[in-house]
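*Asks:* Sequence:
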Amino acid sequence: MKPTVIRTLLVVVLLAVQVATVVIVMLGMRQQTHQQFSQNAQATLERLAENVAAGADRYLEPAERAVNTAHSLVAGGLIDPRQDEVLERYFVAQLRANEAIVGISLGRSDGSLLHVGRVDGQLRTKQVQVRDGRREVRMADPTITQAVRKWMIIDDDIDARTRPWYEGARRSAGPSWTGAYVFFTSKRPGITVSRAVQAPDGGDAGVLGIDIDIQAMSAFISRVPMAQHGTAAIIDERGYAVAYSDAGHLQRQLDSGSLPVIGQVAHKPLGVLLDRAGLAGGQPAPPGEGLRGGAGAYQTFMVDDVEYHGLAREFSMSGGRMNWVLAVEAPAADFSGDLATVFQQKLRTLVAAILIPAIIAILAVFGLTEPVYRLHEDATTDALTGCLNREEFRRRFDGMLRNRRESEYAGRLVLVALDLDGFKDINDRYGHDAGDEVLRAFAARLRLRIRQTDLLGRTGGDEFVLAMRLDRSVDVMATINRIRRSVVSRAFTTQAGRQLVGVTAGIACVEAGETPESAMARADQALITGKARTKNRCYLAASTQDRWPRTAFGRQASGPASDDRADTGPAKGPPARAAVPGERGTLPI
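FYI, in this note's numbering the residues of the sequence shown are -10 to 578.
By construction, these hints were calculated from the structure, which means they are not laboratory data. Positions of the beta carbon are idealized from the N, C-alpha and C atoms, including for glycine. Just to be clear, a hint being listed does not mean it is correct.
[What the hints assert, rightly or not] Straight-line distance between alpha carbons at most 20 Å, and here's what the computed EDC-like set of lysine to aspartate or glutamate pairs gives:
#, residue 1, residue 2
1, Lys176, Glu74
2, Lys176, Asp109
3, Lys257, Asp293
4, Lys413, Glu452
5, Lys413, Asp513
6, Lys524, Glu503
7, Lys524, Asp387
8, Lys520, Asp414
9, Lys176, Asp144
10, Lys176, Asp145
11, Lys257, Asp294
12, Lys520, Glu452
13, Lys176, Asp121
14, Lys139, Glu74
15, Lys176, Asp244
16, Lys524, Asp513
17, Lys524, Glu452
18, Lys257, Asp193
19, Lys413, Asp425
[Unchecked claim] What follows is a set of in silico ranges between Cβ atoms, one per label pair, in the way DEER data are often shown:
#, residue 1, residue 2, range
20, Val340, Asp293, 28 to 36 Å
21, Leu(-2), Thr442, 42 to 50 Å
22, Gly163, Met141, 50 to 58 Å
23, Asp293, Ile351, 22 to 30 Å
Given the sequences, and given the hints that come with them, work out the whole structure.
*Replies:* Below you can see the structure in the form of structure tokens.
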């Protein structure tokens, strides 16, 4: 095996091992990075869920605190629940102190009611009075004093005793929260915290209710920091959308006059998350059962070939009296920014860690194989001319013969024996150094005029051999003669001056089933016979059936062509031509 092939194989194996190492490590890093992505996404969503749950609790806490404070004030005798003027001033103060509160009501068991709420940004008082079995509903601006206030009698069949907040407070010993519903006065969806109120003497003073607008809840969760393209929703026990981070989308549903279930407002990724969490029907699981996949169900899922991370988590407020669900999702890309940077840094470090040793190893391969390469060169190459030596040429020529038989090559395999004419005179007159220069220059010129697939060897002294594959349509004699003439048409420059030599060629077209020895012998015989006749010519070897070689120069099998002449008689020496100044000897071309 050639040292070049050995080097190539060693480098390829080394690089393959390095590449395999990189691929294995990268796959491991990819898996590890993907796990880090998921862990990062889950941790982010968990923090987001905690922040939203805590924020929602804080958002609702003032309303519950206000209802508890009012209960204490009434029970302590500081506020008379029978005096609507006193209650009204207290209600106005609470509304102005907390924008989340949109209305405060006190409903009594006889059907009377005092309600102060925001209507189109303005405070309005609604009062239901019951006297002698007659009901009167009137409305006024609470910011105007009673003395100059003008009440407007309205047609309204409101009865607080039938409202969810009133009924819930009657059934509870403490504060009670409703699910989402549509407020009677403002016709806007919301939730209410209520509590039954007792007078100082222990008698029933009615039920106090504080309203919170759902839209305000949506605005609240939309301000909570979350993933760039994520959505979040709060869902009550019945599956209604209490709040949604896309407040405008929710409001378009609310404008229809109905309270939407989460399935009506959820975007597609959030809908897939709710389905996987068991909330596709809108209604959360009964208390204690948890969501599908467990409480705080973290999910990774695909929507339209995009990966998403999501979390559906139950949370309680008001001491467990109200249990809602927070659902939040975001594309995986929103969580991978920092980790992607880390991965790129790791990848650059890994490539550097592998590339540098690979370069060192490749240099080491070339260094360690250099003696083998030199030994192979010495064993297969002629040191003077760089041509193949006799044994290496024969081995490769034998390979060409085998390949020709195996591939059924349609062309011809041509073997050419070459011998320099006039070379001995140069050695005798100017020494071997001048002869060596001529041999090197001759081999260099010849290599420039043949193909890389052709074989060129030096068999000894001034004798060379050439093996070529030629198509059957190519004129072999003309081709070899053209190469011969181009090589020796100019003198060779040496330290002893310019030397002109000729070259005689014996050409054997390898026949079917012929051995390398037979083809070589025929080419040598053609060369020997030709030099005995006329030098500096091309001679075609006889076939295995013939006895004598034939001569040709150009495209004719015999006869003159150009300035070449065939001579079948005894050797008469080359014809003379005008000498070129500075050249030693003259030979016909």
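*Asks:* If a hint holds in the structure, say so; if it doesn't, say that too.
*Replies:* Each hint tested on the structure:
1. Lys176 x Glu74: 26 Å, violated
2. Lys176 x Asp109: Status holds; Cα separation ~11 Å.
3. Lys257 x Asp293: The given pair, whose Cα atoms are some 10 Å apart, holds under the 20 Å limit.
4. Lys413 x Glu452: 12 Å, holds
5. Lys413 x Asp513: 19 Å, holds
6. Lys524 x Glu503: Given pair Lys524, Glu503 is violated - Cα atoms ~28 Å apart, limit 20 Å.
7. Lys524 x Asp387: Cα-Cα ~29 Å, so violated.
8. Lys520 x Asp414: Given that 20 Å is the threshold and the Cα spacing comes to 16 Å, the pair holds.
9. Lys176 x Asp144: 16 Å, holds
10. Lys176 x Asp145: This hinted pair holds, its Cα atoms lying about 13 Å apart.
11. Lys257 x Asp294: 13 Å, holds
12. Lys520 x Glu452: 13 Å, holds
13. Lys176 x Asp121: 30 Å, violated
14. Lys139 x Glu74: 14 Å, holds
15. Lys176 x Asp244: 10 Å, holds
16. Lys524 x Asp513: Holds. Lys524 to Asp513 sits at ~14 Å (cutoff 20 Å).
17. Lys524 x Glu452: 14 Å, holds
18. Lys257 x Asp193: 50 Å, violated
19. Lys413 x Asp425: Distance of about 11 Å is within 20 Å: holds.
20. Val340 x Asp293: 28 to 36 Å: With a Cβ separation near 34 Å, Val340 and Asp293 satisfy 28 to 36 Å, so the hint holds.
21. Leu(-2) x Thr442: 42 to 50 Å: 22 Å, violated
22. Gly163 x Met141: 50 to 58 Å: 36 Å, violated
23. Asp293 x Ile351: 22 to 30 Å: For Ile351 against Asp293, whose Cβ atoms are near 46 Å apart, the range 22 to 30 Å is violated.
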